[in-house]
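Sequences listed follow chains A and B, in order. Reminder that position 92 of the first sequence reads as 92 in the working numbering, one-by-one numbering, no gaps. Reminder that position 100 of the second sequence reads as 100 in the working numbering, one-by-one numbering, no gaps.
Honestly, the hints are just simulated from the structure, not real lab data. Be aware that a few hints might be false.
One side of the interface only, derived from the structure: several residues of chain A facing chain B at Cβ under 8 angstroms [as the list claims (entries may be wrong)]: (1) Gln24; (2) Asp56; (3) Gly94; (4) Leu95.
Chain B stretches covered by chain A per the calculated footprint, using a threshold of three residues with CB under 8 angstroms from any CB of chain A [said to hold, decoys possible]: (5) 14-27; (6) 44-51.
All values derive from a computational prediction rather than experimental measurement. Don't be surprised by glycine CBs; every beta carbon is placed ideally from N, CA and C.
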Amino acid sequence: MERIPILRMGEFLLVTIQVDMHDQLAMTLQDDLSERISGTGARGVLIDISALDIVDSFIGRMIATISGLSKIMDAETVVVGMQPAVAITLVELGLTLPGVITALDVERGMRLLRDRLQSR
Amino acid sequence: MSTLRQGSQAVAIEQDVVLARQTARKLSIECGLRLVDQTKLITAASELARNAVIYGGGGHMDWELLEDGARRGLRLIFRDDGPGIPDVKLAMTDGWTSGGGLGLGLTGARRLVDEFSLESAPGAGTRVTICKWT
Numbered sequence: 001m002e003r004i005p006i007l008r009m010g011e012f013l014l015v016t017i018q019v020d021m022h023d024q025l026a027m028t029l030q031d032d033l034s035e036r037i038s039g040t041g042a043r044g045v046l047i048d049i050s051a052l053d054i055v056d057s058f059i060g061r062m063i064a065t066i067s068g069l070s071k072i073m074d075a076e077t078v079v080v081g082m083q084p085a086v087a088i089t090l091v092e093l094g095l096t097l098p099g100v101i102t103a104l105d106v107e108r109g110m111r112l113l114r115d116r117l118q119s120r
Numbered sequence: 001m002s003t004l005r006q007g008s009q010a011v012a013i014e015q016d017v018v019l020a021r022q023t024a025r026k027l028s029i030e031c032g033l034r035l036v037d038q039t040k041l042i043t044a045a046s047e048l049a050r051n052a053v054i055y056g057g058g059g060h061m062d063w064e065l066l067e068d069g070a071r072r073g074l075r076l077i078f079r080d081d082g083p084g085i086p087d088v089k090l091a092m093t094d095g096w097t098s099g100g101g102l103g104l105g106l107t108g109a110r111r112l113v114d115e116f117s118l119e120s121a122p123g124a125g126t127r128v129t130i131c132k133w134t
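So here's chain A without its partners, still in its complex pose (with noise of 0.2 angstroms):
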């Protein structure tokens, strides 16, 4: 079955979205971030969607989704690499993605998660 990578570094788990996804891809992405958060005691997690050219209703909410179910997990995520034009028709369509932390690059994403776990 066809699947997104999800790569451990140190207490981080890194995500890069570099397909565009169908619906149940998009559920499967979910599903096994949370076992992965859950088997690792993972306390980050860096979502790479600088790849994506287009975020829908039904991705942005399982960013949204990704991300609520992570801080209820102990982990913190972060959405790093959104492209202008996926920013303006985000908003545009409604989807202003509240609650949901977001950095330009996996770097600055890096290091915010580094800070805030740093300050808990």
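Starting from the structure of chain A, add chain B where the hints point.
Then chain B, alone, in the frame of chain A:
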């Protein structure tokens, strides 16, 4: 206004939503839409294709590349023979959904395009037409 090219493809199953997005992307580039408008149109197409699959039980996406003087446009029509929408006004309300979604598909799609029309009646299927111009 003249039609330069037109075509149609099925949106029957979930994977067809991805294919509809890919067609919308290819055509919006060919149409000469700028990047933000391409993104908006592809996103709207994704929402409407998914609606056709989930609520309409599958349907078709017809496309037309248009020319109107110096302007070019891309029109997409999503049609299905599903149960139709009993209350179109309600369906066009932000946050309202008959399924498990966010209720942003139809209303969001309308905000993302230049022209939007919705024809539906109970038992008569649904037809949503969107268009974006350069």
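Hint Asp56 (chain A) vs chain B: min CB-CB distance below 8 angstroms?
With a closest approach of 4 angstroms, the Asp56 (chain A) hint holds.
Does Gln24 (chain A) pass the interface hint, meaning its C-beta sits closer than 8 angstroms to a C-beta of chain B?
It holds, given that the least Cβ distance between Gln24 (chain A) and chain B is near 6 angstroms, below 8 angstroms.
Restraint check, 8 angstroms cut-off on beta carbons, for Gly94 (chain A) near chain B:
holds, 5 angstroms
A closest beta-carbon separation below 8 angstroms is what the hint needs, so does Leu95 (chain A) meet it against chain B?
At about 6 angstroms, which falls below the 8 angstroms cut-off, the nearest Cβ of chain B leaves the hint on Leu95 (chain A) intact, so it holds.
Cut-off 8 angstroms, C-beta pairs, minimum 3 residues; does the coverage of the stretch 44-51 of chain B by chain A stand?
Per the Cβ count (3), the hint holds.
Are at least 3 residues of the stretch 14-27 of chain B within less than 8 angstroms of chain A when you compare beta carbons?
Held - the stretch 14-27 of chain B has 7 residues with a Cβ nearer than 8 angstroms to chain A, which meets the minimum of three.
Taken one by one, the earlier hints all hold for this structure without exception.
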